[in-house]
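For the protein sequence lines, the chains are A and B, in the order given. Oh and the first sequence: position 99 is 99 in our numbering, straight run, nothing missing. Oh and the second sequence: position 313 is 1313 in our numbering, straight run, nothing missing.
Heads up, some of the hints might be wrong.
Stated by the list, open to error - Calculated lysine to aspartate or glutamate pairs in the DMTMM-like style (CA-CA distance at most 25 Å, straight line):
{"hint": "1", "chain 1": "B", "residue 1": "LYS1140", "chain 2": "A", "residue 2": "ASP345"}
{"hint": "2", "chain 1": "A", "residue 1": "LYS175", "chain 2": "B", "residue 2": "GLU1312"}
{"hint": "3", "chain 1": "A", "residue 1": "LYS79", "chain 2": "A", "residue 2": "GLU295"}
{"hint": "4", "chain 1": "A", "residue 1": "LYS209", "chain 2": "B", "residue 2": "GLU1312"}
What the hints assert, rightly or not - Residues from chain B that keep clear of chain A, each with C-beta distances beyond 10 Å, as calculated:
{"hint": "5", "residue": "ILE1005"}
{"hint": "6", "residue": "VAL1078"}
{"hint": "7", "residue": "VAL1152"}
{"hint": "8", "residue": "SER1155"}
{"hint": "9", "residue": "GLU1251"}
{"hint": "10", "residue": "TYR1252"}
{"hint": "11", "residue": "GLY1292"}
{"hint": "12", "residue": "LEU1333"}
Treat the hints as calculated values from the structure; they're not laboratory data. Model, not experiment: these values are computed from the prediction. The beta carbon of each residue, even a glycine, is placed where N, CA and C say it ideally should be.
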Amino acid sequence: MTSPATVETPETVPGAAPAPVGLYDLPQRKVGRLEERLGPETYRIIRGILRNPLSVIGVILITIFVLVALLAPVIAPPKSVTNPYMIPRDGFSPTPKEPGTVWRTNPPPLPFYWTALTGKDKWTHLFGTASGQYDIFYGVVWGTRTALRVGIIIEFFCLMLGIFIGSISAYYGGKLDMLLMRITEIFQAFPYFLAAMTLSAILIPIVGKSLTPAIIALVAFGWMGYARLIRGDILSVREREYVMAARVVGVRDNRILIKHIIPNAIFPTLVVASLDIGTIVVSFAVLSFLGIGTEVGYADWGQIISFARNWIPQLAKYWYIVVFPGVALILFVLGWNLVGDAMRDIMDPRMRGSGQGE
Amino acid sequence: MIEYIIRRLLLLPVILFGVTILIFGMISFLSPAQRAALYVRDIPKNDAAMDGIIKRYGLDQPIYVQYWNWLVGREDPVTGKTTGGILRGEFGYSRTGAEPVGNMIRRRFPATIELALFAFFPIIGIGTYLGVIAAINHNKPIDQFGRIFSIVGYSFPSFVFGLLVLMLFYAKLQWFPPGRVSDWANAVLLSPSWNSYTSLITIDSLLNGRFDIFLDALRHMVLPILTLSYINWALFLRVARSSMLETLRQEYVTTARAKGLKESAVINRHALRNALIPVTTMAGLTVANLLGGVVITETIFNYPGIGSAAAEAAAQVDIITVLAFTLLTGFILIVANLLVDLVYAFLDPRVRLA
């Protein structure tokens, strides 16, 4: 970090307007330019994350995955431009091929770095192939894209739904709150994964095999935590003076809610939500591993790993079907969890100002 | 306390009602032909016969009538017998199992109970022990190690972990096979000389005096237990650790130390009991989760419990079956949650007297 700010008293609100000298005799600390730009809370969180070695590893892992996802067309140029998520196949033989086998029948275009690095002009199966000759390397690289895409989409809709229900529930209170919270409890009473699996299986005949059934199912049973979280935060923000002031001057309900309350209450929910992406991606991968998700051959980690189910007794020989996508999935989740773990410490009010969480 | 219990008990029917509504809501997504599996074994292919079935079981009636039929069953106008009705324990017919779903549950449930029974102690005992050790050695290397162990643990998707242990201990070393028992043991189980008292193979084998079958069944459970343990240890380690740390900060612990008690006495007699209250609730929910069928673990290890049955049914779009399992598991979870809350209130006077 650029400016090492020294916290002299934990009570000082960093970044607050400088108090006139003599009015509050609190020692002022230097506020760096970066901190001014980002605001005190965000600055504190970012600083906390970058100071903890474990969460730095997490940030690096996430960055790598984002880069792989963005650069997928360069790292593994697709065979079909219109449908790049379909894993290219090298024939149809059911027997998996080892990593390093040369690509025989209609290989996809060579990536630019291949000849430069190896001096060869034949594309090989870097991670081997699964049953049906699906190339595992393509699956892992494009699967990164699928993972991020699915994680972000599901997270976005869960948040929207959670914020909508939680904020209405908290702001209006009374019977509506009671009703909405009972509904939330009913959804929470379900075993999350089993319920999502069921709904996904119901939706497949209706919308067809694609990402959609699993996404809808994971959203339908994934919003409750956020609804409760934001409800709690809104309940405390609702009592602040500025909300009262807005009400006194006659601002309409939904405007108070959207303009004044939600922006001030949303932050913890956003943080928790963004870090749940790892877990969500695992749930999605499990669904497609069980065959309740995308169509066969779609680039998706769970899907590739599911090819291993036919080879359980021979797994020692065909280890690469599990290991490459499996390691990708583990590192992906680990990245989010490492950051999440540090974040929870930073956000925990008991840790605040103690220097421990920072 | 009594008021609290009554309040919780009054809420129970509301939640259960909501759960059935939600399940039935999912059923109403299905076509009449799919819904017919609630009442008949063989779904007819031709339209005329199908129309007959739809009429006969009221699948064209208003949704609330169908909901009621689904709950209590429908009287067959032809034979006069009542069929279906989840309250009567009839969940319809399973296409994947080729039998009534109720039978399927009765047949598959013992395996899940058996696995839960054997997985429970290592998960909770070792997980909690690790957490307490980490808390006592706060910020020392052992605590740091525990922290990394637990982060990696809860980042490890159980299906990947399961496949990796299968790769090592089954495909490579041939130590622990998947499934529930070996073929030779299964032949004994099916033979007329075998007395099935409990349907739990380990207990039955001891009662039948077949120690070899006991060992065989145990051998098949090692890998699922290992997988379940590793995933859950992370959770228990965290909960036990933070709860123990919290307790060790309390003033009465300082008092106990100040009056000169040995550290082991402070921890075992004073701190541990209070620190274990949150662990108890976690343990309750873990049991419920184990009993609800661990879908992924059972599927990976080809273990014939209700979890793998649900996964198979879902993969083959046998919705009536999956929904029955979801209902069953949801019910187990709801009851477990209630019990856990009550036990918590009983254990912790701060909740009880509030």
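- Query: Among the hints numbered above, which are violated by the structure, and what are their numbers in rising order?
  - Reply: 2, 7, 8, 11 and 12
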